[in-house]
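Could you build all of it, start to finish, from the sequences and the hints given here?
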Amino acid sequence: MDEASKELFSAILDEIDLVKRESRILREAIAETRLQVNGLSRDLAALASEIRLLQRSEQGVYCRSQAEKD
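The sequence shown begins at 701 in the working numbering and counts up by one.
None of these hints come from the bench; they were simulated from the model. The model shown is predicted, which means the values in this text are computed figures rather than measured ones. Heads up, the beta-carbon is just placed ideally off N, CA and C, and yes, glycines get one too. A few of these clues could be false.
[Unchecked claim] Quick list of the computed label-pair ranges, beta carbon to beta carbon:
1) V719 <-> E758: 50 to 58 Å
2) I716 <-> L753: 53 to 61 Å
3) I730 <-> F709: 27 to 35 Å
4) D743 <-> F709: 50 to 58 Å
5) D717 <-> L753: 36 to 44 Å
6) R721 <-> R756: 25 to 33 Å
7) D702 <-> L740: 55 to 63 Å
If you want it as structure tokens, here you go:
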């Protein structure tokens, strides 16, 4: 193998290593993002539940105040 071929082969291996490293970083970032999205989804579900409870509570107060007026 001549010198130019060796340099080209070495450059290709360096690029492969770089792609592997960047792929690992991206996989880790995606995993972290998924964890954050899951946490936000749980928070959103809890918030929606709280809103439903508050709406029911407000409806109960409204119904009682209407009944007291009658």
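We went through each hint and held it up to the structure:
1. V719 <-> E758: 50 to 58 Å: 57 Å, holds
2. I716 <-> L753: 53 to 61 Å: Distance hint for I716, L753 holds at roughly 55 Å.
3. I730 <-> F709: 27 to 35 Å: 31 Å, holds
4. D743 <-> F709: 50 to 58 Å: 51 Å, holds
5. D717 <-> L753: 36 to 44 Å: 54 Å, violated
6. R721 <-> R756: 25 to 33 Å: 53 Å, violated
7. D702 <-> L740: 55 to 63 Å: 56 Å, holds
Checked against the numbered hints given earlier, the structure breaks hints 5, 6 and satisfies all the rest.
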